[in-house]
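Those sequence lines, one after another, are chains R and V.
Residues in the first sequence are numbered consecutively from 1, following this note's numbering.
Residues in the second sequence are numbered consecutively from 1, following this note's numbering.
These are computed hints drawn from the structure, not numbers from a lab.
On a predicted model such as this, the values are computed, not experimentally measured, just so you know.
Using N, Cα and C, we set each Cβ at its ideal position, and we do this for glycine too.
Keep in mind that the hints are not guaranteed to be accurate.
What the hints assert, rightly or not - If we take Cβ atoms under 8 Å as the criterion, some of the chain V residues that face chain R in the derived model are:
| hint | residue |
| --- | --- |
| 1 | Arg31 |
| 2 | Asp47 |
| 3 | Ala48 |
| 4 | Thr50 |
| 5 | Arg126 |
| 6 | Asp132 |
| 7 | Phe134 |
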Amino acid sequence: MKWATRRHCHVDRTACAWLIQRFVDPDPEFRFVDDPDDVPADATAFDMRGVALGHHGDRCSFESFLRTYDLTEPALQDIGRIVHEADIGDDLYDAPEAPGLDVLIRGASMVAADDEQLLALTGPLFDGLLEYFRRSHLHEVET
Amino acid sequence: MTGRLDWVLLAYRLPREPSGPRVTVWRKLRRLGVAQLVDGLVALPADARTREQLEWLADEVVDGGGEATIWVASPGTAAQERVLAAGMSKRVAAEYRTIIADAARAAGAGETERRRTLARLRRQLRRVGSRDYFPPAERAEARDAVERLAAQVIEATG
């Protein structure tokens, strides 16, 4: 599938791209555009104005993905809270990890040549977060 | 301040009723620390983040049944820009002064209260810092005041 978003990704978009690859579309093709008019007709746009997979109400785009694709895994909800606070920072959630993630991804964007390279750097960070939070939920009884 | 900056402007109008979206938008504008130019027109110094934040808010205004447009502009004169920046700086200065006062008050309190206040003021510093586009002198003072409180807490722990 083709996916499109704005160039110069930060927390919300890198998190969404990772989520797409891990949980929605194993072989995604990403396009990074400067203007909403440049989104290819056959691509699904995310984290852009006026699209379903964007900010809605108090939700950031990553949270819109979780809801749209019915991704209810608790560890993903945990990551959603961190991405929300790193992106919006409205203190709706207690996510002390958020400023740290913000700095890590900002730093990655400084050494990455382009958005493709940035996603290659940030993907493993989110893999690590997922594993970390999965472990923290291990003891919970399955229902 | 030297040359004039690019500013991102949000021009918006929301129906008076229901009041829900109006309150939400107003709260978010305040959190962003916008300069209110006139009723329904707010401004922030433009960068990728501020522009994006106002664009999302524009969408929210439209979703709430209102109208919103985003503009990038620069003030007609440097003097006008100075007034704008000074007003924004003055508002965050007041927020920093509250932090300084709270830190001073906590210094005389018990250890538990000091710790609790320290954690709260650190969060508040971060919050105010995110809308501190034209830092006033009070910023350094507020940071110092919180660090003094932290030193006191650490010392008590031994």
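Now for the hints, and whether the structure bears them out:
Because the beta carbon of V:Arg31 sits about 6 Å from the nearest beta carbon in chain R, less than 8 Å, this interface hint is met. A hinted interface residue such as V:Asp47 counts as satisfied when its beta carbon comes closer than 8 Å to some beta carbon of chain R; here the least separation is about 11 Å, so the hint is violated. Nearest Cβ of chain R to the Cβ of V:Ala48: about 6 Å, under the 8 Å cut. The hint holds. The interface hint given for V:Thr50 is violated, since its Cβ lies 13 Å from the closest Cβ of chain R, which is over the 8 Å cut-off.
Because the smallest distance between the Cβ of V:Arg126 and any Cβ of chain R comes to about 7 Å, under 8 Å, the interface hint for this residue holds. Violation of the interface hint for V:Asp132 is found here, the shortest Cβ-Cβ separation to chain R being roughly 13 Å, above the 8 Å cut-off. Look at V:Phe134: its Cβ only gets to about 19 Å from chain R, farther than 8 Å, so that hint breaks.
In summary, the structure is inconsistent with hints 2, 4, 6, 7 from the numbered list given earlier, while agreeing with the others.
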